[in-house]
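Participant: The primary structure of each chain is shown beneath.
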Amino acid sequence: MPRPRGGAADVTAPRPLERGVGWTPWLYLAPALVVLGGLLVYPVYQLGLISLFRYTQAQVSGGEPAAFRGAGNYADLFSDSQFWQVLLATVVFAGACVVSTLVVGCALAVLLTRVRAVPRLALMLAALGAWATPAVTGSTVWLFLFDPDFGPVNRVLGLGDHSWTYGRYSAFFLVLLEVVWCSFPFVMVTVYAGIRAVPSEVLEAAALDGASQWRIWRSVLAPMLRPILTVVTIQSVIWDFKVFTQIYVITNGGGIAGQNLVLNVYAYQQAFASSQYGLGSAIGVVMLLILLAVTLVYLRLLRRQGEEL
Amino acid sequence: MNLLRVRVQRPWRLAAEVSALLIAAAVAFPLYWMVLSAFEPAGEIESDRPRPWTLSPSLDAFRRVFGQQEFGRYFANSLIVSGTVVAVSAVIAFLAATAVTRFRFRFRTTLLIMFLVAQTVPVEALTIPLFFLMRDAGQLNTLGSLILPHIAFSLPFAIWMLRGFVKAVPEALEEAAYLDGASRGRFLWQILFPLVFPGLVATSVFSFISAWNDFLFAKSFIISDTSQSTLPMALLVFYKPDEPDWGGVMAASTVMTIPVLVFFVLVQRRLVSGLGGAVKD
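Residue numbers (the numbering used here), protein chains in the order written: chain A, 1 to 309; chain B, 1 to 281.
Keep in mind that the hints were calculated from the coordinates and are not lab data. This one's a predicted model, so the numbers in the text were calculated from it and none came from an experiment. Take these hints with a grain of salt, some might be off.
Derived lysine to any residue pairs resembling SDA-like cross-links, with alpha carbons at most 20 Å apart [unchecked claim]: (1) Lys-219(B) <-> Arg-73(B); (2) Lys-240(B) <-> Asp-149(A); (3) Lys-167(B) <-> Pro-199(A).
Could you build all of it, start to finish, from the sequences and the hints given here?
Facilitator: Shown next as structure tokens:
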């Protein structure tokens with residue numbers, strides 16, 4: 001990979017640790033590479049391999065040898081209309097989660113800079129609480145809030161015993177609310193920390209030069225915040241595309257007749273509920289490729305902006 | 001920053017503060033409701049008119065939770081798993097982050113990109129090959145089958161985050177250390193490590209949560225020896241979609257959330273300043 005051009009970072013002055021570098025960086029990297037190689041790269045390779053075989057309960061227990069199917073699992077998958085429906089649902093749902101999380105997170109980060117210590121601390125603590133809540137417990141709590149019989153939401157809204165998890169869209173909406181609730185704090189805290197890290201002299205200088213508030217935002221703050229915004233965006237994409245626990249718990253494994261399946265849950269259900277390990281692995285591979293594509297697009301953007309890696 | 005605040009007119013600031021407080025209340029409400037319901041007697045939880053307070057707080061739900069077989073054991077297992085994952089991945093990530101920020105070597109950028117790409121791997125799909133891997137390694141039904149994969153999954157993000165912290169340590173410091181006769185190892189552990197510690201705390205939050213949250217691996221890898229299971233499995237004992245014991249679920253949820261909340265409150269300052277440090281170059 002060529003190094004990014006230009007910028008102070010490119011100056012390769014002799015660095016202290018570099019005296020007699022040799023194998024030292026690799027020594028430092030060794031534990032990470034061993035762990036990642038054994039428990040991430042190798043399983044990914046296995047995943048790809050299994051996706052090419054007929055692999056069901058019989059093969060798992062060793063009763064039958066695994067039969068090579070080539071692209072058979074993929075052919076089955078792509079000719080199945082449910083797969084395309086789940087794929088579409090995944091993209092739309094993840095997209096909605098990312099956009100909502102970013103909008104809420106950024107708006108509240110800006111709000112945090114406009115208020116005094118007490119409201120700021122209150123909002124910060126509440127957000128940290130939501131963030132700290134484990135996905136499993138967060139999901140059961142939201143399910144309880146919207147429970148048709150005993151939840152407070154229906155009482156307050158006067159909805160009677162309306163079931164939120166019964167309808168496809170209202171179930172997705174409920175999961176979206178919970179996902180935004182537990183993931184906006186990361187965006188808010190990170191963006192807020194980023195705004196605070198902008199030196200006040202820079203802003204003062206801009207104001208002295210007669211720049212308007214909008215102009216300061218657009219020409220000073222936005223470029224300085226861009227690395228942060230790209231980081232929170234890509235993390236949100238990666239996380240929201242892989243939402244599992246919230247959907248699994250709230251819609252009880254993918255909703256009525258699988259109406260709330262996303263790829264992740266679909267792969268899991270195919271593998272572990274239907275014992276179609278080969279097919280489940282194929283779905284996993286498709287998902288991996290989609291996320292890979294998104295990440296590569298992001299990397300290209302970073303490079304075009306001249307960010308240093 | 002002051003400048004931004006001075007510019008805001010008074011009524012606007014007041015409006016901003018009121019909305020901040022209201023939003024804080026709304027964000028905290030689910031947690032409040034969880035704790036409240038955990039302390040409510042069964043009759044109140046199932047009443048037609050839920051009240052935002054309780055008339056007669058009761059510990060019944062907690063008694064049910066702790067009376068459940070081996071709940072304490074599950075709790076301890078969760079702590080062991082998360083604690084080990086945090087400690088081990090912090091050390092490994094620190095070394096790796098140091099390597100990719102303070103050395104220039106071939107494949108450095110390639111490695112960085114690989115760490116980013118590694119984050120995109122859908123963990124749920126890896127449950128299938130990991131199951132076979134753990135089975136062949138004889139690790140099924142052990143805490144190791146939960147610890148090992150979580151170390152691997154938290155590493156790429158931890159390394160990616162820690163980069164900024166390691167970078168922020170001035171190189172002059174390093175030079176001074178060597179002039180004073182410190183070895184590279186000594187510099188690494190006695191100078192760099194303490195300086196990067198706030199960053200390690202911030203990244204640890206993520207590895208802690210991912211390990212503490214995990215219910216998929218616990219569900220898939222701990223199949224016959226339930227004494228090796230973790231809290232999320234205990235929670236699901238009370239949550240049956242058809243007739244959930246909401247009091248029990250909320251009490252178990254409360255017990256499960258508290259350690260994470262305590263951890264967050266402890267590291268709160270470092271987390272906020274840390275995230276700022278992690279992303280600015």
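Participant: If you draw a straight line from the CA of Lys-167(B) to the CA of Pro-199(A), is it 20 Å or shorter?
Facilitator: holds (19 Å)
Participant: Check whether the Cα positions of Lys-240(B) and Asp-149(A) lie no farther apart than 20 Å.
Facilitator: holds (15 Å)
Participant: Does Arg-73(B) lie within 20 Å of Lys-219(B) when you go C-alpha to C-alpha?
Facilitator: holds (16 Å)
Comparing the model with each earlier hint shows no violations; every hint is respected.
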